Amino acid sequence: MDPSTILQYTFAGIKIGGIYAMVALGFNIIYNTTGIINFAQGEFVMLGGMFMVTFSRIMPLGAAFPIAVLAVVIVGCFLERATIWPARNGSVISLIMITIGGSLLLKGLAMKVWGKSSFPLRHFSSEEPIKILEATIQPQTLWIISVLLLVVIVLALFFKFTLTGKAMRACAANRPAASLCGISVDRLVLLSFALSAGIGAVAGIVITPVTLVNYTCGSMYALKGFAAAVLGGLGISTGAVVGGLTIGLMECYGAALPFQGASSYKDGIALLVLLIFLCAKPSGIFGRAAISELKRF
Amino acid sequence: MLRVQNLRTGYGNLEVLRNVSLHVDAGEIVVLIGANGAGKSTLMNTIAGLLRPREGKVLFLGEPIQSRRASEIVSRGISLVPEGRQLFAPLTVLENLTLGAYSLPRKQRTLAVQGKLEEIWGLFPILYERRRQPAGTLSGGEQQMLAVGRALMSRPKLLLLDEPSMGLAPLVAKEIFLAIRRLRENGTTILLVEQNARAALAIATRGYVLEVGMIVAEGKSEELSSSKEIVRAYLGKDYKEVWE
Ligand SMILES: Nc1ncnc2c1ncn2[C@@H]1O[C@H](COP(=O)(O)OP(=O)(O)OP(=O)(O)O)[C@@H](O)[C@H]1O
Ligand SMILES: [Mg+2]
Numbered sequence: 001m002d003p004s005t006i007l008q009y010t011f012a013g014i015k016i017g018g019i020y021a022m023v024a025l026g027f028n029i030i031y032n033t034t035g036i037i038n039f040a041q042g043e044f045v046m047l048g049g050m051f052m053v054t055f056s057r058i059m060p061l062g063a064a065f066p067i068a069v070l071a072v073v074i075v076g077c078f079l080e081r082a083t084i085w086p087a088r089n090g091s092v093i094s095l096i097m098i099t100i101g102g103s104l105l106l107k108g109l110a111m112k113v114w115g116k117s118s119f120p121l122r123h124f125s126s127e128e129p130i131k132i133l134e135a136t137i138q139p140q141t142l143w144i145i146s147v148l149l150l151v152v153i154v155l156a157l158f159f160k161f162t163l164t165g166k167a168m169r170a171c172a173a174n175r176p177a178a179s180l181c182g183i184s185v186d187r188l189v190l191l192s193f194a195l196s197a198g199i200g201a202v203a204g205i206v207i208t209p210v211t212l213v214n215y216t217c218g219s220m221y222a223l224k225g226f227a228a229a230v231l232g233g234l235g236i237s238t239g240a241v242v243g244g245l246t247i248g249l250m251e252c253y254g255a256a257l258p259f260q261g262a263s264s265y266k267d268g269i270a271l272l273v274l275l276i277f278l279c280a281k282p283s284g285i286f287g288r289a290a291i292s293e294l295k296r297f
Numbered sequence: 001m002l003r004v005q006n007l008r009t010g011y012g013n014l015e016v017l018r019n020v021s022l023h024v025d026a027g028e029i030v031v032l033i034g035a036n037g038a039g040k041s042t043l044m045n046t047i048a049g050l051l052r053p054r055e056g057k058v059l060f061l062g063e064p065i066q067s068r069r070a071s072e073i074v075s076r077g078i079s080l081v082p083e084g085r086q087l088f089a090p091l092t093v094l095e096n097l098t099l100g101a102y103s104l105p106r107k108q109r110t111l112a113v114q115g116k117l118e119e120i121w122g123l124f125p126i127l128y129e130r131r132r133q134p135a136g137t138l139s140g141g142e143q144q145m146l147a148v149g150r151a152l153m154s155r156p157k158l159l160l161l162d163e164p165s166m167g168l169a170p171l172v173a174k175e176i177f178l179a180i181r182r183l184r185e186n187g188t189t190i191l192l193v194e195q196n197a198r199a200a201l202a203i204a205t206r207g208y209v210l211e212v213g214m215i216v217a218e219g220k221s222e223e224l225s226s227s228k229e230i231v232r233a234y235l236g237k238d239y240k241e242v243w244e
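Chains as they are written, first to last, in this note's numbering: chain S, 1 to 297; chain U, 1 to 244.
Think of the hints as simulated: they come from the structure by calculation, not from any bench.
Remember, it's a predicted structure, so these values are computed and weren't measured experimentally.
One or more hints might be untrue.
As the list claims (entries may be wrong) - Straight-line Cα separation of at most 30 Å, BS3-like style, residue types lysine-lysine; simulated pairs: (1) U/Lys220 - S/Lys160; (2) U/Lys174 - U/Lys116; (3) U/Lys157 - U/Lys57; (4) S/Lys281 - S/Lys131; (5) U/Lys174 - U/Lys57; (6) U/Lys107 - S/Lys160.
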C-alpha cells in the first residue's frame, strides 16, 4: 500500500475514533461515580444526531447545536431519575441491566418520534476536501478533532479546578469517604448522567453529517465506545481518548487489509484486536490492576 | 451534646450492636475501648450516618439524627475520621482538605477554607510541605494527619476518631495523641475509639468499654484505669510486653 493511501485511512480512523473516544469518555464519567456501565450511552449519541437534524430545519446550525445538546442532557437526567435513582441501593449488576432497559426504551421512543428512516445533516462548513500530502481530509473531520480536543480540555479543567469536579473525583476514589465530607453522592450521579449525555450528544451531532442518523445507530457507538473505554482502562480519561482513536484506526486499517471483503469484517477486526490485547493486559492500556480490583465488580 | 439510646445495628442476619447507650458532653474527650470485632467501628459509622440503625436513637444537640444521611450529618457538625483513613488517594493533600469543607455553606466556604487551612498547617506542618502530593503517596502517619485534618475542615462540633493510631510507630502515634489533646484545648468535643487503651485513657475524661455489642463498663478515666477487670482485659498486654 502506498503512503498516501495509508494516510487516507489514518484520517478516516481518526474521524470515527474521535467519536468513539467521546462515547468512551461518557462511559467513564458514569462508571467513576457509580461503578456501573451505562449501556444507554450510545442512545445519547443517536439522540444528539436526531435532535440536531430536527432543530437544524428551523434554525441555523450554530443555534441548533447547543439546543440539541441541552435536549439530550434533559433526557439523560430524566433517564437517571426515572430508572437509576429508584434502584440506587441495588447491586451493580442490576443497575447495568436497568441501563440496558433504558437503552431499549430510548431506542423505541426514538423510533416512535422520528420513524425508521435515516436522516442527513449538512456539513458544518464546506464539503470541499482539503489536500494534505497526497491525501485528502474532509473539513468535518477537522471539526470532529477540534470538538474532541475541546471536550477533553473542558473536562480536564472541570475535574481539576472546580469543587464539583474534585467532588466527582473524590466520589470515584472513595464513595463512603465522599459522603462523610458532606458530598451528596445522589446529586453527583445525576450530574454524571447529565455530563455523559451532553458529551454523547456532542459526538452524535458532529458525526451525523458524515454517517447519517437513524434510531438504531446508537448500539454500534455504545459497543465501540465501550471497547475503547475498556481498551484504554475503564475510568481513565486519557485511556478513553487513546482507546477510541486506536479502535477507530484498527477498524479503518482492517478495512484495507488485502483480502476479499475485508471492509465488511472491519468491526470484527477491531474487536479481535481488543480481545487479544485484554488477554495480555486485562486492566487496559493505562489501567493498573490494583485500581480495577477496588471497583465493585 | 451526643446521646446514643438503645442502639441496635447489624449487617444482614448479623446483629453487631445490641442495645448500646452512651453520651458525650460538650468539651469532653470520651474514649471507647473494646476488643477486635466488638462493634466499635459499627457504632462510629452508625453515628456518622454510614449505617442505618435497626432500633434506637442518636440525638445530637437534642435532635434525632439516626435517619439522616451521612452528608447531612456532617453539615450538622459531626465529623468522622474513619478507620483506615479512607483518603482520596489520587487527589492531592490540598484537594483532600478542600473537599473536607464541602459541607460548609457556599458563601462562607472560601473564607473558612483559608482559615482552617492555616490552623491545620499549624497542627501538622508536614502536611503543608506535602500539599501538592497525591494523598496515596504519603506515609501512614502523614495519611492519618491528613484524615484528621480533612475531618476538621468542616468545623465540627463533635469529632469522631476511629483508631487514629492504628498501624503507626509509637512516636508517630504520640504525635497524633498530642494533636488530639490540642484540639480539645481549642474546644472540640471528641469521641475516640482506641486499641491503645492506656494512651487513650490518659487523655480522655471518661470512657466506655464495649464487649460484643454491649457496653459493659463506663466511668471516669481514672476509675477505668484502676479497675482490676479492665486492667486485666485491656491494659494487661502492656505489662506483658515489658516482660518479653
Ligand atoms: N460490612 C460488614 N458486613 C458484615 N459484617 C460486618 C461488616 N463490618 C463489620 N462486620 C462485623 O461486625 C462485627 C463488628 O465489626 P467492627 O468493625 O464494628 O468491630 P471493631 O470493634 O471496630 O473491631 P476492630 O477493633 O477490629 O476495628 C465483626 O464481627 C465484623 O465481622
Ligand atoms: Mg474498628
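Each hint, compared with the structure:
1. Using a Cα cut-off of 30 Å, the hinted pair U/Lys220 and S/Lys160 is violated, with the two alpha carbons roughly 48 Å apart.
2. As the CA atoms of U/Lys174 and U/Lys116 are separated by approximately 23 Å, the hinted pair is consistent with the 30 Å bound.
3. About 19 Å separates the Cα atoms of U/Lys157 and U/Lys57, which keeps this hinted pair within 30 Å; it holds.
4. Taking the CA atoms of S/Lys281 and S/Lys131, the gap is about 39 Å. The hint is violated against a cut of 30 Å.
5. Simply put, U/Lys174 and U/Lys57 have alpha-carbon atoms about 34 Å apart, too far for the 30 Å limit, and the pair is violated.
6. Restraint check: the Cα-Cα separation between U/Lys107 and S/Lys160 comes to about 21 Å, which is no more than 30 Å; the hinted pair holds.
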